[in-house]
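Participant: Now for the letters of each chain:
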Amino acid sequence: MSAEIIANQTQQATQVPPAPKPPGELSGEPAPAAAASPARQPSRKRLALRAFARDKAAVVALVVLLLAVGGAILAPLLTSYDPYAGDSSRRLAPLFTPGHWLGLDGQGRDIWSRLLYGGRYSLTVAFVPVLCVFPIALALGLFAGATKSRLGGIAMRVLDAVFAFPIVLLALALAAVFGGGLGNVMMAIGITLLPYMTRVAYNATVQEIGKEYIEAARVAGATNAQLLFKQLMPNVVSPLVVYATSTMGLMIVTASGLSFLGVGITPPTPDWGVMTSDGSQVLLEGYAHVATIPGFAVLVVALAFNLLGDGIRDALDPHKQTS
Amino acid sequence: MHPYDALIRVENLRKEYTVKSMFGTSAKSFVAVEDASFHISRGETWGLIGESGSGKTTIGRMLLSLVEPTSGTILFDGNDISKLDRSYQRQMRRRTQMVFQDSGSAFNPRRPVGEQIAFGLLQYDLCTRREARGKVLDLLDRVGLADMHYDRYAHEFSGGQKQRLGIARALASRPDFIVLDEPTAALDVSVQAQILNLLKDLQQERHLTLMLITHNLALVEFMCDRAAVLNHGVLVEAGSVDDMFQAPQSDLTRKLLDAVLEPEISAAA
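If you're matching them up, the sequences are chains A and B in order. If you count the first sequence from 1, position 138 lands on 138 in this note's numbering, and the numbers rise without skipping. If you count the second sequence from 1, position 13 lands on 1013 in this note's numbering, and the numbers rise without skipping.
Just chain A, same shape as in the assembly (with noise of 0.2 Å):
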């Protein structure tokens, strides 16, 4: 190349960030906020609210929980039968037997009334044990993803090896050593659980930590603090809600599994797995309603559990959330 081309050329290049700026200087560039309401942004929990308002079947999903848990609560205003108080003479009356509307089971015990009671504990046994790991494995999570110590690093590798353990395995053998009972079902759930929280908790964290608006942060002289619960900890709480909120259904599955095999929640108690597992002994003498009504009501529970999930996922992502 010869200099006079280089020149020539040079003098071209400094023309690539091309002309002086236009005298309406935002005109070439859309501006697609611009559009919206002129006035000030309505607070993000009204629009997280507007979001999960328009997903109908989130919505759905939270008033059959809410009929669910308002009928555990006030399963005595609903029934005046005794879940525990069985009328031998009538038993495995069918559904729709006058005064007992979804009949009666193997020993004579209206099975609306277990239902309801039998909500409190298998609601109790979804909600709790994931409500109890949720702080323990947001801290676990941020300290192991954000400080990268030697300590977090363990915590980790220690969490993994249980991974190995399928779940259901895993809290059958947990509840097995701790033998049976609410406290204990409780416990071997939220241990089976935590491997889980932590790793979605580890996972946000790390990805969240990796990007500029943490710098950013720190340049505009955040202390670490700051960092940490103010501008790390939201964005990691958000999956973390998620995933808690599906998990409570597979959780509330696991619990009547458990039940159902004999090392959860132990009859007469009323649960839904006990219920599901009497219902079980009668199912090949032609008696079908004792065991489905109870399967159905852990699967239409789980099943409003994930869509509530997946409503909240959307509901709290800025980006589905327009004014």
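Please note: incorrect hints may appear among the correct ones.
Stated by the list, open to error - Residues from chain A that face chain B, not an exhaustive set, calculated with beta carbons under 8 Å:
id : residue
1  : Gly86
2  : Tyr213
3  : Pro234
4  : Asp314
5  : His319
What the hints assert, rightly or not - When the alpha-carbon atoms are kept at most 30 Å apart in a straight line, the in silico DSBU-like pairs for lysine-lysine are as follows:
id : chain 1 : residue 1 : chain 2 : residue 2
6  : B       : Lys1020   : A       : Lys148
7  : A       : Lys45     : B       : Lys1028
8  : B       : Lys1020   : A       : Lys211
9  : A       : Lys45     : B       : Lys1083
10 : B       : Lys1200   : A       : Lys230
11 : B       : Lys1028   : A       : Lys320
12 : B       : Lys1083   : A       : Lys56
13 : A       : Lys148    : B       : Lys1028
Please keep in mind that the hints were generated in silico from the structure rather than gathered at the bench. Quick caveat: nothing in here was measured; it's all calculated off a predicted structure. No residue lacks a Cβ here, since even glycine has one placed at the ideal position from N, Cα and C.
Dock chain B against chain A, hints included.
Facilitator: Below, chain B alone, put in the same frame as chain A:
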């Protein structure tokens, strides 16, 4: 401006990363920056040119104390930044800011952008909580955005607008020195020009010293008087941009120069 009045002077800067294996038994090391020395004069725009992975962003981050150097010294306004006491360190943080490359992830997706711009103001006690909103609105106005943008979230903005927001945030703490890390890499050409002109105007107005990190020599030509070329962590060429364009000293510079000139060559042929 006196040529020796350097705001930033860097001597023998080196950064080595070690990657430990899972059990910490063996370690591999990787030199990101090798023995870099340069200075940036007050009020100038200094270009740092290199391909991706050459260590140019690492140098920028070391200047802002986001990454700690393995060895070497960085003098900011004559003071070694590794030896500053806490309050001076804070002062330095306030006076040095950054405009990030990936405007998509440079703002927290879950907080309004105005609040994030105000954060710097409040963090460095530059105004009261009540004044913050007004000050941010002034900044938004200065970078060509409107009042209504204050309460919006990052995903609601176009690439160019996000970069304007990034500039507003960098300006909030009234810095002397701003690192521009590929500020226009994600933008199309017409928007690039708007952003660069905005930066030039702001530099005049606020007496800013800028460091432009880029792989694009055309940007350097447009923005900078002096620049350096980084190749795999080593500064292979430094000096005035005019000299560099007239008589490139290193193969890499020639290569980068060719990349910029390519369209004109094919047009001339």
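Participant: Against which earlier hints does the structure fall short, listed by number upward?
Facilitator: 1, 4, 7, 9, 10, 11, 12
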